Amino acid sequence: MAALRANWFYLAVLIGLLILPAYAESEFVTAVMPRGLSGSALLHIFVLIFFFAFMSQAWNIIGGFAGQLSIGHAAFFGIGAYVSTICYVHLGLTPWLGMFVAAVFTALVGAGLGLISFHYGLKGPFFALVTVAFAEITRLILLHWEFVGAANGILLPFSPNPTFWEFQFTSKEPYYYIALAMMLASIALVAWIARSRFGYYLHAIRQDEDAAEAVGVPTKRCKVQAIALSAALAGLGGTFYAQYTQYIVPDDMVVGRVSVEILLGAVIGGAGTVMGPIVGAFILIPVGEATRVIFEGGGTGTSLSTLIAADMSFGDKFVAYLDYLAAGGGGGLAIILYGCLLMVVVLGMPGGVLPWLAGLRARARRRAEASA
Amino acid sequence: MSDVYLQALISGLMIGGVYALVAVGLTLIFGVMDIINFAHGEFLMFGMYGAFFASALFGIDPYLSAVMALPLFFAIGWAVQGVLIRPVVGKSHAIQILLTLGLSLLMQALAQFLFSADFQSLKVDYGSATFDLSGARVSYTRLAAFAISMGMCAALWVFLQRTDTGKALRACAEEHEGAQAVGIDIARMYKIAFGLGIACVAIAGIVMTPFFYVAPVVGPKFTLVAFVIVVLGGLGNIPGAVAGALIVGVVESVGALVMPSPSLKDLAVYVLFILVLLFRPQGLFGGKGA
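Sequence order for the protein chains is A and B. 1 is the number of the first residue of the first sequence in the working numbering; add one for each residue after it. 1 is the number of the first residue of the second sequence in the working numbering; add one for each residue after it.
Since the hints were derived computationally from the structure, they do not count as laboratory data. Where hints are given, some of them may not hold.
To be verified - Pairwise CB distance ranges (calculated): (1) K123(A) x F285(B): 38 to 48 Å; (2) L264(B) x L108(A): 18 to 28 Å; (3) A194(A) x P260(B): 44 to 54 Å; (4) A358(A) x V67(B): 44 to 54 Å; (5) Y5(B) x A326(A): 45 to 55 Å; (6) H119(A) x L264(B): 25 to 35 Å; (7) A370(A) x S92(B): 41 to 51 Å; (8) F285(B) x L357(A): 42 to 52 Å; (9) A358(A) x L64(B): 34 to 44 Å; (10) A358(A) x G183(B): 52 to 62 Å; (11) F159(B) x Y10(A): 43 to 53 Å; (12) L64(B) x A326(A): 29 to 39 Å.
Said to hold, decoys possible - Covered by chain A, per the in silico footprint, the following chain B stretches (three or more residues, Cβ under 8 Å): (13) 78-89; (14) 124-135; (15) 169-181; (16) 217-229; (17) 236-249.
Values in this document were obtained by computation on a predicted structure and should not be read as measured data. Using N, Cα and C, we set each Cβ at its ideal position, and we do this for glycine too.
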């Protein structure tokens with residue numbers, strides 16, 4: 001019953017999302033959304049949600065289903081963006097094909113990392129640390145490689161009248177549907193994995209790797225396949241990001257913060273569940289964007305350094321500082337919320353929001369049965 | 001040995017000494033509690049900001065701040081352990097890593113909110129003073145950072161070897177249940193270990209402020225370097241961490257010489273890290289010896 005209701009719910013949401021762009025500028029949307037958010041600004045937020053859901057779903061395969069905590073997925077994301085962009089800029093290959101070159105390349109990199117790590121039996125925190133170091137190495141290489149623009153990154157060539165093959169669009173709508181399609185495809189893929197033999201193997205590895213090995217699960221091979229698949233999807237996401245923002249730079253993409261943001265959606269929604277990353281992204285992005293809009297109004301215009309150096313009494317400085325904070329301080333409130341959410345979820349609902357809700361429902365049912 | 005290499009060796013040892021204090025804090029926490037603290041570098045960052053504001057607003061010398069930081073950050077560590085970390089002790093590593101990742105994310109963003117993303121630097125009159133050591137220039141502030149960090153490591157080592165509390169901490173590191181069986185208050189030991197670990201890393205940050213910029217993003221690099229050192233030295237092994245830190249410091253500064261660009265120096269450290277994890281995960285000097 002509950003599963004059926006959930007499916008109707010998801011179907012209704014899907015239909016809503018499919019028709020949303022047609023009504024993005026309608027009076028109804030303007031009236032319903034906070035601060036009259038509509039049109040391309042609204043579509044942008046949905047693009048972010050779909051994109052984060054997709055990236056988180058990619059992470060979910062290795063981090064959730066296989067239970068191998070990766071804190072370096074920003075590397076696959078960044079490599080994917082660079083590969084398709086290099087193909088596009090230097091070889092003239094359309095990003096539509098470039099994204100699959102990127103996916104194959106990141107899959108190979110992921111498989112390589114997995115083969116080495118799992119061959120030497122790295123588990124738990126040690127695997128996590130290797131992924132962190134791997135991402136840092138990737139960032140440092142990109143940062144010093146002149147061919148790919150080093151620290152300046154690559155500005156994608158701008159076409160005033162882009163064709164479809166250039167994967168550039170003047171309106172947000174095409175990006176919206178591409179991101180939506182990517183998210184839906186990732187859900188379908190993971191739903192299929194969850195029911196396949198491969199998915200059961202991953203589940204067994206996550207529960208107890210030694211036991212899985214003992215009953216004949218090819219644990220090493222499964223983990224390598226999982227990280228390759230996960231990396232391939234993250235690489236596709238990288239291409240999308242490159243085409244959407246038209247600008248890629250190592251210090252914005254291959255950094256720890258991005259690696260954490262990628263895993264955040266899945267961990268908060270429910271790692272190792274099919275819909276967890278999607279639910280997580282639908283919670284995180286609106287919360288983050290709302291925080292940015294409400295609390296980060298642009299600041300008081302004074303920098304902290306001028307405030308410190310100002311010729312005022314300490315009391316006056318303190319009052320001025322409170323004004324500075326009230327105007328949003330140095331920013332970062334959205335990330336503060338993300339950090340709090342992550343800790344609250346880890347402490348209060350360790351499986352994530354979806355498994356927690358399922359637990360609540362099961363308990364309510366038991367109580368109803370007991371009283372009946 | 002040519003002058004540039006001597007210079008690199010000495011600068012490497014100097015910064016390695018500070019790394020040692022960062023890593024000793026991490027390895028103490030890991031050794032006693034079996035917790036991997038991904039927010040370690042963020043405590044260093046907050047220590048640096050504390051010293052920066054004490055100096056910029058009240059003219060307090062950073063070395064005086066370092067002294068005051070010991071009880072303050074011990075208390076902060078004690079409280080963080082009691083409130084946030086305690087519920088995940090004994091849980092899976094994934095849960096612990098995610099919790100401390102959340103804490104690190106929160107602390108970085110909080111620093112950005114409170115102190116802005118601007119890079120700050122603490123200026124002291126004696127900041128640029130140097131002396132000559134058989135051809136190599138050594139700055140007094142770096143020497144002081146090295147000496148204070150090494151002194152703290154030694155003091156911690158003596159504390160762990162000689163005092164009852166220190167012995168109890170080591171007993172916890174050896175065997176949780178055994179320690180509990182002989183009447184050691186484990187919960188209290190965890191708070192002490194976390195408090196000491198946090199005080200170490202905060203002081204390491206403060207003694208660097210005369211020659212290192214302060215920004216919300218300084219933490220992760222030190223967290224990762226501390227992991228490298230701790231794995232190199234053997235998890236939970238304090239003398240191993242000190243030796244590992246000096247090695248990493250030298251690898252880094254010699255790496256800056258031999259690599260095509262000085263900012264690629266970290267590459268050498270991370271490659272070393274992955275090699276050690278793969279081929280000698282117990283560390284160069286064996287694990288949990290402390």
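Task: Enumerated hints in conflict with the structure, sorted upward - done: 1, 7, 9, 10, 11, 14, 15, 17
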